[in-house]
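Residue numbers (the UniProt record's numbering), protein chains in the order written: chain A, 1 to 328; chain B, 1 to 324; chain C, 1 to 288.
No wet-lab data here; the hints were simulated from the structure.
The beta-carbon is built from N, C-alpha and C at its ideal position, and this holds for glycine as well.
There are no misleading hints in this set.
Covered stretches of chain A (chain C as the covering partner; in silico rule of three or more C-beta atoms under 8 Å from a C-beta of chain C): (1) 103 to 113; (2) 256 to 265; (3) 271 to 284.
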Amino acid sequence: MPSLISPSERDYILKGIECNIRADGRQRPDYREVILETGVISQTSGSARVRLAGGTDVLVSVKADIGPVLVDPETGEGADKGQIICNVECAPSASQQFEGRGADELNNELTQMMTRFLSHNTTTLSTPSSTTPSSTGAPNNNGAGGINLSKLCIIPGEQCWILYVDALVLDYGGNLVDAVFMGTRAAIFDTRIPKTEVQDLGDGNFDFEVLDDAEDTEVVEGREDMPICITLNKIGARHIVDASPLEELCTEAKLVVAVNRSGELCGLQKGQDGGIEPSLLLEMIQFGKTLGQTLIKQLDAKIKAEAEADTIKRQNGQPVVKLGFFAQ
Amino acid sequence: MNVSFHSPAPRTAISGSKAHRQSKQHGLEDMELDGDHEDGANGSGVKASTLHVVTPGEVITNDTAFMRGHGTYIENEKVVSSVAGVVDRVNKLISVRPLHTRYTGEIGDVVVGRITEVAQKRWKVDVSARQDAILMLSSINLPGGVQRRKQESDELQMRSFFMEGDLVVAEVQAFFGDGAYSLHTRSLKYGKLRNGTFISVPPALVQRCKSHFHSLACGVDVILGLNGYIWVSAHVPQNLDEIDTELVYSNKNKEDITPRDRESIARVGNCIRALADEFIFINDTIISFAYEASLQYKLKDMNKKEIMHAIATEATTAVDNMKG
Amino acid sequence: MATDRKRVAGPESSVAPLVEYPIDHQPWTPFTEKRHDSHRQPEDLRPIYLKTGLISEANGSAYIELEKTKLTCGVYGPRPVKRAGQGFSDRGTLNCEIKFATFSCVKRRGTMRDAQEKELSQILSQGLTPAVRLELFPKSNVDIYITVLESDGWGSCIAAAFTVASVALAHAGIEMLDLVAGCSASYIPTSIPSTSSSTTSEAPSEGATGSITPQIFMDADLEEEKFQQGSIVLAYMPSLNQTTHVLQSGKAEGAIISQSVEHCVEACNKIFAVMNHALLESIDQKTV
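Make a model of the complete structure from these sequences and hints.
Here you go:
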């Protein structure tokens, strides 16, 4: 992760973007090749590794755990809901700048962003979602995060599934946010939660049992409606996607647009120390929205193809071999 | 827009390209020619015909006739490797060159570096070596005159010459006691870099050549720093007599970089990345061949793994054919 | 979270006090009344009270009050960077810290900065940096400390933080390109949607949530935020016509977003007038 750039490099990148030829030959709206594999870590409920050709390497794991539900003492909300707890961490091996406390700010920024965009809660802006659940009195069905949290509840008011979504950044090559969200979507699609059986013991007491049948598991409901993020980097008067580290150093302002598959905006956040004119802002939002929908379509096709290939192999009794870290 | 998703694939080596792989070029030919120690070499397990890769702690030879070089140590009168790399033998000297390593320089090397710090009368330069190299204020050509003495005013405006982040091409002038290099830019071909883009490859892939400044036929200038830092830029006609010394430290790119130039630069840059990805030696010949090979692909497709692989393969075959 | 062992720890968990309402008390909902504060229209902001020069020790300071949202801000600097070994920088840096007073929210906040406050601090400095001429202060640092005394609505709280900080910056005589005004808006559905079709999340959501178009409530307070589907906070430089920050959460159609951005820009222009007035007043007091 470079931190220095010379004025002439900056100028070269800026003018290149102006005439739509980026330093590595891409055009403004071009992504790098994305290399994706799901089910790479056996200890998780679901996992995925996403790499952008040229560096960025993100490993996302989802672990389903059982824990007590969080109830808002004031409104009694949250008794029938599971939770999603997000965490992003940049490994110090990815860059010297992540060493020690160096990654703290970035980790926190990404974690908060992920929590805000993925959490079911519509008032995440107003309450730290992991500690206080939504206090909405209004009937909002599927929140911005898409995932149906009610389905994660086992015994209302007592026990629920908690999905721990942990993203680990192994290598830095620009455009972290998009890669993290692509990986998260793939990992959630890969996630299987064991079924549970609830027994009524009478007197309002319940007990439950986790069925350890590996074949009979549930997918995360609402996973199709999860948003994905598109980061638009404003350089000069133009904006580009999937910036390389040097391009990120030239970025005046970046805009993260979270979109779901039906084109609804699930979040927006500006980053970096520059301004954007309102008209350009709206144009960028629109652009991110269209691009995001295409991206989701292609990503889903890829995830589906891989899942199907695995199923066929399993049916034929062949071992499902993941290349994992032996791959190029 | 352009986005594609792929599954990871196992790495495939380029067939028939061994001659250009970094492991074989140095030394091994010498070994074959060197008749004196034929027996010793065979007896000690240093095989001349195949490349010899060793890992730390591996015994290279137990013949006491050999001397230990870099990357080896002696234990119980045996020469043992201390790095993972390829065995080199020059006469009786055995050394092991590690495959991936920081840059180890020699005096006279041309390097590309990035200024990281401005200090008292000197700049610190990142050259991918174990220490930041030092560029002394007295080792640069000061603007406004041939070989003028440095003055106090120069010390106060060092940032007007080189600032943090600036890229320079320089020559290794000397070593300091702590292993840091002292650089100089006292020639008009050295100095600040403009009009292009920066690429970093493993230092082992750039060999020492007669020249490290190349103007390719496609109108692109390439500076191959021996430290693995490469500068690819638009061609600037070099007229060493008439260079305005004031412009040496300018940060301004030239105005007339055409989109065509940019495409060529991006293409060359991608070729270098493709070659580095396959761990192939990088020199002007192979870059030219790779450039030729890349012309059949669209520029924006060149980031794809299989196309990068195809370009590297084609370029190595072309070099093979040229050599016969 | 790290705990501060020097302080006397309060109880591990706290419960909001029970407030006894009259028997006929009905909590506010957007379906019955227009707004929580019945005097307001959806596009109206709360009245703003803005005053500079509150903290004697600071180089510049300001206080803002939007009814029950109250923030103070102190600006120190430009002053030399304290942390050594950061390397040379030809631009100054803007360091922003926001802290919610422990008593400022419904739930008691911790005494130490939590993850959310850290992120908000980052957001604020990202939104204020474009306005400040940092290139004039090499090797220096400008510190902005914001304390939230009372928070009534989160979006409005962040928006007010932008406003108060930029007034405090101006009060400190720091060279700026423009003032940054902050404004928030919430998307609140004003009719009860049919819940039957919405439980199936597998189906594309056209039939589910897309059918109700929420109303945009400017500068929503806490009661109103409870009903929001999403919200947006916009920081804007009125004279330069530049958005310096945008933070949106929750689900919304593109049309709603563009509409609320326009509304916020408009509101920011109004807030700008208040900011101007407050600054001019502070100068008047000095010259008299």
